[in-house]
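Spelled out, the chains give:
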Amino acid sequence: MKIIKEALAGTLESSDLLVKVTPLPEDRVDVVIQSEVMHQFGEQIRQVVLATLQQLGLISGQVVIEDKGALDCAIRARVQAAILRGAAVDQLDWSKLS
Amino acid sequence: MNDEFVFYTINPHKNWDEGAEIQRLLTLCDLDMDEGIETFVVGRQGRRLVACAGLDGDIVKCVATAPDLRGESLSLKLMGEVINLAVEQGHLHLFLFTHPSNVSFFGGCGFYELAEVPGYVTLMENTPVGIKRYSDQLRKLTQPGDKIGCIVMNANPFTFGHQYLVRLAASQCDWLHVFVVREDVSQFSYRDRYALVSAGVAGVPNLTLHHGSEYMVSRATFPDYFFKEKGMVGECCSAIDLILFRKYIAPALGITHRFVGTEPFCKTTRKYNDDMKQWLQVADSSAPAVTVVEVPRTVSSNIAISASEVRRLLRSGDMAKMPALVPRDTLNFLYSNYAT
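Residue numbers (my numbering), protein chains in the order written: chain A, 754 to 851; chain B, 191 to 530.
Just to be clear, a hint being listed does not mean it is correct.
What follows is a set of in silico ranges between Cβ atoms, one per label pair, in the way DEER data are often shown [claimed, not checked]:
1. Leu-803/A x Arg-357/B: 50 to 58 angstroms
2. Val-790/A x Ala-479/B: 39 to 47 angstroms
3. Val-785/A x His-289/B: 20 to 28 angstroms
4. Gln-333/B x Leu-824/A: 48 to 56 angstroms
5. Leu-850/A x Phe-295/B: 34 to 42 angstroms
6. Glu-303/B x Ile-757/A: 28 to 36 angstroms
Pairs of lysine-lysine residues, derived as DSBU-like cross-links and limited to a Cα-Cα distance of at most 30 angstroms, are as follows [stated by the list, open to error]:
7. Lys-758/A x Lys-337/B
8. Lys-758/A x Lys-267/B
9. Lys-758/A x Lys-330/B
10. Lys-337/B x Lys-251/B
Chain B residues, not near chain A, derived (Cβ > 12 angstroms throughout) [as the list claims (entries may be wrong)]:
11. Val-196
12. Gly-298
13. Arg-323
14. Val-450
15. Lys-457
16. Ser-476
No wet-lab data here; the hints were simulated from the structure. Predicted model, so just to flag it, every value in this text is computed and none were measured. Idealized CB from N, CA, C, for every residue including glycine.
Could you build the full structure based on these sequences and the hints that come with them?
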């Protein structure tokens with residue numbers, strides 16, 4: 754899966770996160786995470802994000818995350834939504850998202 | 191009491207009553223209304239207008255919230271609404287001007303500092319990788335040499351003056367990087383300007399012609415440049431553009447000298463040239479200084495050649511003097527598009 758257009762999911766409100774995805778010219782995934790709880794949960798957030806990207810099979814795209822202390826399930830859902838929008842997927846394999 | 195915030199979008203020019211309410215909120219927050227903004231996101235609590243943020247293309251302006259409601263989630267909701275609106279309009283990459291004291295607030299909304307004029311204004315963008323990725327791309331185009339020159343030109347349109355400046359700069363440098371201002375708000379379209387520059391500099395061996403970007407002389411870095419016809423010359427805005435150039439663009443390409451023509455006619459460009467010496471050479475900076483070389487204009491039939499002169503002649507329909515002012519490709523272009 755590749756990001757082919759810019760897309761957005763989520764909000765900047767407390768306990769949520771904003772995920773922005775943009776295409777990259779080459780096959781590379783670049784993830785940048787900013788979080789209000791970076792020191793405490795930064796590593797865990799990164800793991801959740803990377804696992805979600807791997808599950809979706811993303812091979813190309815820039816992913817920028819502004820986290821406001823979201824729970825893991827919210828992070829997964831927002832990342833999935835942004836990627837699927839950015840990759841212009843309209844046929845969903847829901848089992849892949851679980 | 192209903193303390194829910196309701197957000198929606200208005201055009202202050204079409205909706206006078208709400209425009210006046212926005213004006214009052216901005217005044218309360220020591221901000222001026224920017225007349226150019228066609229879209230405002232406003233937030234209401236009950237009937238009271240408590241938040242507003244303007245969107246001018248990809249630039250966020252005039253952000254204000256009622257002072258008594260700060261510290262709640264109002265500002266973050268407002269910024270979220272603006273970002274969503276911008277995406278709907280096709281702008282994921284946004285810029286924002288603010289006072290340096292507000293940088294940490296907008297940092298919480300996903301904006302990152304690009305350049306600051308201390309005590310006056312900071313330009314931010316809503317991505318942590320924007321300028322970095324741009325600098326990385328430029329770095330791949332680095333050329334060896336001790337004296338690396340740069341010219342940024344709008345070339346509206348390309349004249350013998352531009353050609354003279356390019357050839358002179360190239361002859362004095364190991365390599366010359368030429369950027370064409372990308373913003374499409376000039377009389378001649380970016381595509382046409384770039385094509386005419388490209389034709390006009392052909393044959394100069396030690397030159398790279400670059401597409402401009404939103405990081406140089408754009409509506410984001412230098413908003414007032416494009417409103418010069420209105421006689422507005424921003425004090426700080428050219429500074430932001432030049433600080434960005436010195437901090438990111440010059441180091442990426444190893445630029446040591448920036449060349450400009452002296453400006454006899456256009457006040458904004460003349461001010462920009464003066465500011466250039468201040469911000470590229472004189473001002474304190476962590477980035478190395480870039481030497482500004484001001485080249486006197488070439489003179490043809492006793493008039494200094496300038497693009498603004500060409501535009502003036504076009505307006506008055508005076509094509510007779512053109513061959514003395516512009517190279518063949520520009521001349522052909524003007525004849526095929528303007529001669530009657």
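We went through each hint and held it up to the structure:
no. : hint                                      : result
1   : Leu-803/A x Arg-357/B: 50 to 58 angstroms : holds, 52 angstroms
2   : Val-790/A x Ala-479/B: 39 to 47 angstroms : holds, 41 angstroms
3   : Val-785/A x His-289/B: 20 to 28 angstroms : holds, 26 angstroms
4   : Gln-333/B x Leu-824/A: 48 to 56 angstroms : holds, 51 angstroms
5   : Leu-850/A x Phe-295/B: 34 to 42 angstroms : holds, 35 angstroms
6   : Glu-303/B x Ile-757/A: 28 to 36 angstroms : holds, 30 angstroms
7   : Lys-758/A x Lys-337/B                     : violated, 40 angstroms
8   : Lys-758/A x Lys-267/B                     : holds, 25 angstroms
9   : Lys-758/A x Lys-330/B                     : holds, 25 angstroms
10  : Lys-337/B x Lys-251/B                     : violated, 39 angstroms
11  : Val-196                                   : holds, 15 angstroms
12  : Gly-298                                   : violated, 8 angstroms
13  : Arg-323                                   : violated, 8 angstroms
14  : Val-450                                   : holds, 32 angstroms
15  : Lys-457                                   : holds, 38 angstroms
16  : Ser-476                                   : holds, 23 angstroms
Checked against the numbered hints above, the structure breaks hints 7, 10, 12 and 13 and satisfies the rest.
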